[in-house]
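A.B. asks: Use these hints to put chain A onto chain S, whose structure you have.
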Amino acid sequence: MIATRLIGVVLVKNGWVVQSVKFERYFPVGKPGIAIEYLDRWGIDEIVLLDIDKQLKMQDRNYERIRRYFRNIRTPVAIGGGITNVVDAQLLIRYGADKVVINTAFLENPTVIQDLSSVLGSQAVVVSLDAKVTAENEYRPVNHLRRIASDLTIVEAVKLAQENGAGEIFINSIEADGSKTGYDLRLAKQVLQATNLPVVICGGVGWPRHFLDGIRLGVSGIAAANYFHFSEHSVIKVKKYLSVLDEENIIRLNTDSTYDNASFDEFGTMLPREEQELDEIRYDSYSEEII
Amino acid sequence: MGNLESISGALDNLGCHYQISRDPAVIRQGDAYILPGVGAFPRAMENLSRFSLLEPIFDELITNKKHCLGICLGMQILTKRSEEFVETEGIGLFDASVEELDGDNVKVPHVGWNTVNYADDCPLFKGIDKDSWFYFDHSYYTNPSDFDQIIATTDYGQKITVGLQNDSIYGVQFHPEKSQRNGLKLLRNFISLS
Numbered sequence: 001m002i003a004t005r006l007i008g009v010v011l012v013k014n015g016w017v018v019q020s021v022k023f024e025r026y027f028p029v030g031k032p033g034i035a036i037e038y039l040d041r042w043g044i045d046e047i048v049l050l051d052i053d054k055q056l057k058m059q060d061r062n063y064e065r066i067r068r069y070f071r072n073i074r075t076p077v078a079i080g081g082g083i084t085n086v087v088d089a090q091l092l093i094r095y096g097a098d099k100v101v102i103n104t105a106f107l108e109n110p111t112v113i114q115d116l117s118s119v120l121g122s123q124a125v126v127v128s129l130d131a132k133v134t135a136e137n138e139y140r141p142v143n144h145l146r147r148i149a150s151d152l153t154i155v156e157a158v159k160l161a162q163e164n165g166a167g168e169i170f171i172n173s174i175e176a177d178g179s180k181t182g183y184d185l186r187l188a189k190q191v192l193q194a195t196n197l198p199v200v201i202c203g204g205v206g207w208p209r210h211f212l213d214g215i216r217l218g219v220s221g222i223a224a225a226n227y228f229h230f231s232e233h234s235v236i237k238v239k240k241y242l243s244v245l246d247e248e249n250i251i252r253l254n255t256d257s258t259y260d261n262a263s264f265d266e267f268g269t270m271l272p273r274e275e276q277e278l279d280e281i282r283y284d285s286y287s288e289e290i291i
Numbered sequence: 001m002g003n004l005e006s007i008s009g010a011l012d013n014l015g016c017h018y019q020i021s022r023d024p025a026v027i028r029q030g031d032a033y034i035l036p037g038v039g040a041f042p043r044a045m046e047n048l049s050r051f052s053l054l055e056p057i058f059d060e061l062i063t064n065k066k067h068c069l070g071i072c073l074g075m076q077i078l079t080k081r082s083e084e085f086v087e088t089e090g091i092g093l094f095d096a097s098v099e100e101l102d103g104d105n106v107k108v109p110h111v112g113w114n115t116v117n118y119a120d121d122c123p124l125f126k127g128i129d130k131d132s133w134f135y136f137d138h139s140y141y142t143n144p145s146d147f148d149q150i151i152a153t154t155d156y157g158q159k160i161t162v163g164l165q166n167d168s169i170y171g172v173q174f175h176p177e178k179s180q181r182n183g184l185k186l187l188r189n190f191i192s193l194s
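Protein chains in written order, with our numbering: chain S, 1 to 291; chain A, 1 to 194.
Read the hints as simulated data drawn from the structure, not as lab findings.
Heads up, the beta-carbon is just placed ideally off N, CA and C, and yes, glycines get one too.
Wrong hints could be hidden among the right ones.
[To be verified] Straight-line distance between alpha carbons at most 30 Å, and here's what the computed DSSO-like set of lysine-lysine pairs gives:
| no. | chain 1 | residue 1 | chain 2 | residue 2 |
| --- | --- | --- | --- | --- |
| 1 | S | Lys189 | S | Lys22 |
| 2 | A | Lys80 | A | Lys65 |
| 3 | A | Lys66 | A | Lys107 |
| 4 | S | Lys189 | A | Lys65 |
| 5 | S | Lys237 | A | Lys107 |
| 6 | A | Lys130 | S | Lys237 |
| 7 | S | Lys159 | S | Lys22 |
| 8 | S | Lys31 | S | Lys159 |
| 9 | S | Lys13 | S | Lys237 |
| 10 | A | Lys126 | A | Lys80 |
| 11 | A | Lys107 | S | Lys159 |
[Stated by the list, open to error] Not everything, but these chain A residues come out facing chain S in the computed CB check (under 10 Å):
| no. | residue |
| --- | --- |
| 12 | Phe51 |
| 13 | Ile57 |
| 14 | Phe58 |
| 15 | Lys107 |
| 16 | Val111 |
| 17 | Trp113 |
| 18 | Asp137 |
| 19 | Ser139 |
| 20 | Tyr140 |
| 21 | Asp155 |
| 22 | Glu177 |
| 23 | Ser179 |
| 24 | Lys185 |
[Claimed, not checked] If you only want the chain S side, here are some residues facing chain A, beta carbon under 7 Å, derived:
| no. | residue |
| --- | --- |
| 25 | Arg5 |
| 26 | Arg74 |
| 27 | Ile93 |
| 28 | Asn254 |
| 29 | Asp256 |
| 30 | Ile291 |
Okay, chain S solo, but in the shape it has when bound (with noise of 0.2 Å):
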């Protein structure tokens, strides 16, 4: 049966990629090409690269640099940030996109979704949605050409995104960016009585633990973009953590790496090994495997 998908989310802005806090302040924590191959190399079932320069648009676009960053990379891939048209969509997928990743385009007109779909396939149309807490207590999306929230309920974002042909839902929340604290889990189950298409949801992990309370609620991915950025094999321990800790849902760990015999602390952090147990694997060696 279909493993649940670990994602490894890249925002890229200049040129960089950021670590993101509520959507409004950017650090810069290194270059796209080694954020991409660490997270292939480490296993990661899906890479996002979303681009969120302002009004990025179809001319700004260098194909180029994308066929570069994934040339090498034999991991799926999804790309967005300033799509709002076919062509370059199209372009998109013949350079190294599996998928490609709206979300303005669709707020702004949700029939684009059609028009992509109908070319590409639903399965290579993802729409992507950032949530807001409004006044009223309510999830909407925002707007980012606008800057203002959207008329519509998150429900009614993700009902509409459906009803045009989209493949996938991608949730953000725009709260918990960057707040460590843990996904949004009532967006996230708001989101999952209004479809029955595959939804992601990003937004808030700061422990492993946070991406096992996601796991749980059934959605098909759980992604992060600041988490991965600042650990060696991060990739790998979360998917041990969740391997070892939920029995329900399926998880692939299938690099040479699995941190057999791994134990973890209440947050997910994996514990260190006893010194006679690394004593023991000292002098193992494994050659990589040439296929």
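C.D. replies: Leaving out everything else, chain A in the frame of chain S:
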């Protein structure tokens, strides 16, 4: 149309010499073929006919028995017909039809990693463990009439066919160019056939 960069990248990783072309003359010179695909069935068939590719395909695959690997939509167009959007005829080399996944049972599209079981002795899966992970992203699947052509299945609500073979022609529903190491092994096995 499709994700040509990924296939090319994978073939480069494997040191395989390849050409991307829609020129029938170039196509006839190939030793083996890969038919990738992202998009929709009707448009793909329309393009094949528009660029006069059906004849060279038949000649090389059937008459000259060269090896071919269809991937995702590439596999689907090798079947007899599809119900995607509008009922469309396919190339007809696999005795199967393409139908929509049942959304009452599972989420559609089938997107993500799933384990694949395959027929013993299938050369495409040599050196790959049974129940290995491969990446899928599709809303339609192949429903075979000739069960002898089935070489791989996966479990998604029900058991579905995700690999077909007819003589020298292979098709897989998953994306080997996006399935990390397992995918590269499968592509290596395919290249080694020719």
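A.B. asks: What are the numbers of the hints that this structure violates, sorted from low to high?
C.D. replies: 3, 4, 8, 12, 13, 14, 29
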